[in-house]
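Given these sequences and hints, build the entire structure.
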Amino acid sequence: MAFCIAVIGKDNAPLYLATSDLERELDLQYHVHAALDVVEEKCLVGKGAPESKELYLGLLFSTENHKIYGFVTNSRVKFIVVIDSSNIALRENEVRAIFRNLHMLYTDAVCNPFYIPGEQLSSKKFDRAVQKLMSGNA
Amino acid sequence: MQIKPIITYSGSFPLFRSLESQILNAIPLDTCEWRRTFQRPTKHVRLEAQTQQFSVEPLERYKRGEWSILEHPILHIFVTECNDIDTYKATIREEIDAWLKLLTSYGISDWMILLVETLDMRKTKNLLPRTTVLDKIRLDFGSKNDDRCISVLNPAKFEQKSTESFRCLVHRIRFLMLTSFNRNIAKYEELIRSKREKRNHDDWDFRQYFFMQEDLALIFEKLELPTEALIQYDELDAMFSQFITHTGFNEKQQWLAYFKRPLSAFHGICLSRVDKFEMRQKIRNEGVSLLEFRNYLFERQAYLLLTCNEIPEIAKRLLGFLFSTLREVEFIKLDCQEGALCCWEFVCALEVLQLCEQAMEPNEVTCFQHCAPIWNLAKDKLYELGKLCGLLPGCTPSSEQLHIVVQLSSGIGDAPPQQQFLQAMPQLRDRSPNRKPKLSAAQQLKEALGSNQTFQKLYLELAELAISTYKHVTRLRSARLVGLDLGKFYCALNEPHKAVGFFTDLLRELKAENWHMLSSQTLLELANCYRKMGDSLAYTKTCSSISCCAELETLVRTFYFDEFLKSLKTLKTTLSAQPSVENANYCVLEDHFRIVDIAVQNTKIIIQDDHLLVQLKVESLYPREIVAECIKLCYELHVTPEMDTALQDVSLVPAQHRECSSRLKVSLQLFHKQDNTLNCASVVCDTPKTKQPVRRTSSTKRKLSPSVQADFTNIVQVENMALQPGINLVELKGKATRVGRWQFKQVCLTMSSLEFLSEHLPFNVQPPSFEICTKPASASLEFKTLIAGIVQPINLHVAGGSFIFPADAKITLRCSKNLRIRQALEPSAPDSNTDANFENVLQVPLLQFKSFEERRIPLEVLTDMPGRKMAKHHEHHVTLSCPWSRNDLQIPIEFQPAMEATCRLHTCGTQKFLQVIMKGLDARLLLQHAKVKCDVPGVRLLDLNPESQDPIEIYKSLTVTYLYEIQVEPLKAEHELPIVKVHFVVKYATLSEPHIWRNYGCAFDLVEYSTLFKLQAQLEPNELCRLRTVCNLNLKITKINENPYVDLMYEVLNDQNLWAVCGRSADMGVVSMKDVDCHSISLDVMPLSTGFLPMPSIRLSKYTAGGKNKADAHSRVHPFPPGQVYNSTKSMQIHVIASVSGDQ
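Protein sequence lines, in the order shown, are assigned to chains A and B.
With the UniProt record's numbering applied, the first sequence covers 1 to 138.
With the UniProt record's numbering applied, the second sequence covers 1 to 1144.
Hints are computed from structural coordinates only; laboratory data are not their basis.
Every residue gets a Cβ at the ideal spot worked out from N, C-alpha and C, and that includes glycine.
Please note: incorrect hints may appear among the correct ones.
Said to hold, decoys possible - Computed beta-carbon distance windows for the label pairs:
#, chain 1, residue 1, chain 2, residue 2, range
1, A, LEU22, B, GLU759, 29 to 35 Å
2, B, ASN309, A, ILE116, 21 to 27 Å
3, A, LEU22, B, ALA722, 35 to 41 Å
4, B, HIS760, A, PRO113, 25 to 31 Å
5, A, GLU64, B, GLN407, 19 to 25 Å
6, A, GLU92, B, LEU729, 54 to 60 Å
Rendered as structure tokens:
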């Protein structure tokens, strides 16, 4: 369903990154990193009215094979989801749902008192849930 | 292709023909206000029209629902010239009626009756016709819509007069056309909708539907509504996509086969076609491939966007268009040559980019935001093609590949002849005329596929453009990512020096944001470059970094670790003379080691010149053990932050606040109302604007360039230290040379000629600080009240401070005269019982004296008790010579005497007695062997004290008296021995040491010790003395020894309550003893009280009468010293009894 799900901290350092395709992981990581440009661009535009700002940023950019969507939480943690662009069953609403679920999973993960904000997310539970989300059985 | 609304005409054809051109020309001359239905905004529209003879055929189609708005006549005009009512009634009326009925039968109401009047001037000159033909027509047909019946003067005949009426006509035509459009568009839209509903029917054909809706779009375009036209195209676009992706495998859609023709040609889009509808004809007539159809759709959309001046939107839509088309090609499984789609994508991308470049100003960032990925796409596609055709660096195309090139080139096709329509666009940028016209996208691609050189040239150009465009829209990460591709390309070109810049840029970006996995990949690329370049320093550094990347596989890491060690050995000779950021021999320490903790090991205060011990907890990221030649940690003077200095200016801030640098200056503010009640209270933090008090650490990006070397003059270090992978504890040593508060600044680790410098030490607020201090040594004496004459304890207190004592250090104490000192001895010590070891100068050794030690050395002092009568403090001082100071220290000491001796002279007649009184003071002492000595010949002292063996104890406020009689030989008259010196000596001992006897001596001077006069008083009657009875007091003054005092004065000193001296001034008198030895005086006294009364005492004084010379006119009286007058009746008592008479 999704190729890659990434959680990126407010200082733009990756906190968590999972890909379904290990061979293309490096390529996907580069794309996720480049997507931060667009996230920054969109967040900058929305600077005027922060209260009305929507967390979901929509499609950041697309390549021949991938569509890259972004989401930014109020604490400036970014979620990037890369999906297969040939999968036409996956529409805006489904992507939004992925982000919503991811946001909840992330919130649960950082609520762990042993997690220090800003560190890598190494929770196995979170990883399992994200893998499930990525394969579309969430 | 002509798109003009159609007007039909009926009735008098020749007449209309004569007017036709005039009308058609006049219609576009002016705009007409178009009031649209459904509250859509009104619009001023410029119309065009074409005419047709009225025919039923289009009406038939209209009725059947197979009409197109493009071909449907929009207005039907009936023309007549009839001016005569009779003719009208006879023929024309029926004609019109039939025509109208026909129209109504088809449900058409867009008609107009035009009456062309040829006004006969002669006829109408005199009489106005009662009813005109127009009135009649209106009456007959225009009952509800008389505006559809209009008359006009024949402009051919009445040129001047007809203008007004003709203008009216044209205006009416325009108006009616627009009204008709309103109705017809609504109707047509309905038709489209109903058609769309049937899209899943078997015989439904998308192409039919397409043309149907496109006709509407064309009409909208004609009516200057490009956005609405665009909506039609967008709907078609979406519908087509949906068909392909959702029902592509459905056999129902027979029409799909129509688009399934193989892609033999793959022309890209062309945004500047001369004949925009060439393709429309082709679609209608011969059929096109999916690509061609898609191209046509996009071109139309782009054209409409261009008319709306929405060029960025074109760029925005391009990628979506390309990708969705690719997907469609995939879905319907079209056969196409390998690389064909790449060519198509490339040409499309370049076409749009060229348009954007021509039309946009550089500051229109939104457009370039969309352009940047297109450049990148073009670059990628070119690369794919290059790969396919063997054009990449280091490849030579094989014959097969050459064949592919030929095939592709033919498929790309030639660019269609270009219409320079862009030049008419107002937003077109002025280009300098020198700029050579760009080749069309297709031509560029063909050229690039032609040879390796042209391919490389175009690829590099595109990559640079992609990078610069990304940078222009500040998408730096994307720009770096393109840089990675470009760098790899340069590497393949064997120009690694060009690639290095791109890789380091990317590395910096990735490292700054902690994308370790990606940065380690980039390091691998860099290492590759440096090896090719032969830059051994950079290669060594990169190898080192790679071997510390935890993300990489162990095999890779150990390989590069070995490489690192190998090249490190050869590095010495290749060091660059001019270190810059790139080729400096220092690296960022944090990439290789992680400093976990720094702790000062010294437990005690660090004194100047002490050894400083620091424990460094460092994590080595290397895969194996590595030996660091030197690890240095430097420290600098602790600098208090700026804020601190600012705070010091404020006098209100208490001193302890200044010490704490992290504290903010927060103050209370109270605002009062006018009546002095509190309005509001707030807490205010005034911070100097120069420095933000709160700063997000996360918002500052990590510096990547190797750091500047700090000042390494003050360091702790260790040499040749082997560091294991993981945590290492390293002890660093150094000498604390300078005093102050210090802060650790930087770690420097040296391996061969490489230096690893730390960026920042891992402490959140500030690195740990420590203090090197110095403290002056001091010495002082401690004592309580000291008593002279006995051994007194005293303490020498030495505080070492930071002074470092030599082994043989000592303090010399020098005492003032009569003061002696010794070190306190144990009571059991053999010498403790003697005073012998008291010295005037004492040297106290400070054995094993350490810095900051404090030592209390007990001493004993003893001072002589000088024989002074008065209890007075004895002042002494001790001078200390200390090893840490050149100056002597003088400490004053005061002693109190242990006891005091006084002496009194007593007389009994001529006998003289000496009384020595010993008064105890603070100490308890034992006294014995009191003696007096007098060396004067002729004077003898008789000891009258009892012989006693036991010492006498004396203590505070206890007195001991010794008595001696002095016998002076009579011959030795007083004038021969005016002073007799008597020495009194007594031995004393303290109670604690009763066996040590010290001498206490005191010298007394006896003067005026011989009795000169004797005084006797006698009261008569002697036996009985009654109260208030006058008695006789006889005074008798006898001269005992010769003396020069002649005139004496006597005074009766009595208690006024006891005795009364009778007679005026009888209580005193002067007697002369000249030539007489004895004198008697009689006084009357009266007792005033009963009992034993003391005899009135008499005082005898020397008298010097005044007035003998001028110098002293007054008489003077001098008292005798006690030893010279002896009152023999002193303290005699008289018994007074009460008087017998009862007068009480």
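Verification of the supplied hints:
no.	hint	in the structure
1	A:LEU22 - B:GLU759: 29 to 35 Å	holds, 34 Å
2	B:ASN309 - A:ILE116: 21 to 27 Å	violated, 53 Å
3	A:LEU22 - B:ALA722: 35 to 41 Å	holds, 38 Å
4	B:HIS760 - A:PRO113: 25 to 31 Å	holds, 28 Å
5	A:GLU64 - B:GLN407: 19 to 25 Å	holds, 22 Å
6	A:GLU92 - B:LEU729: 54 to 60 Å	holds, 56 Å
Checked against the numbered hints given earlier, the structure breaks only hint 2 and satisfies all the rest.
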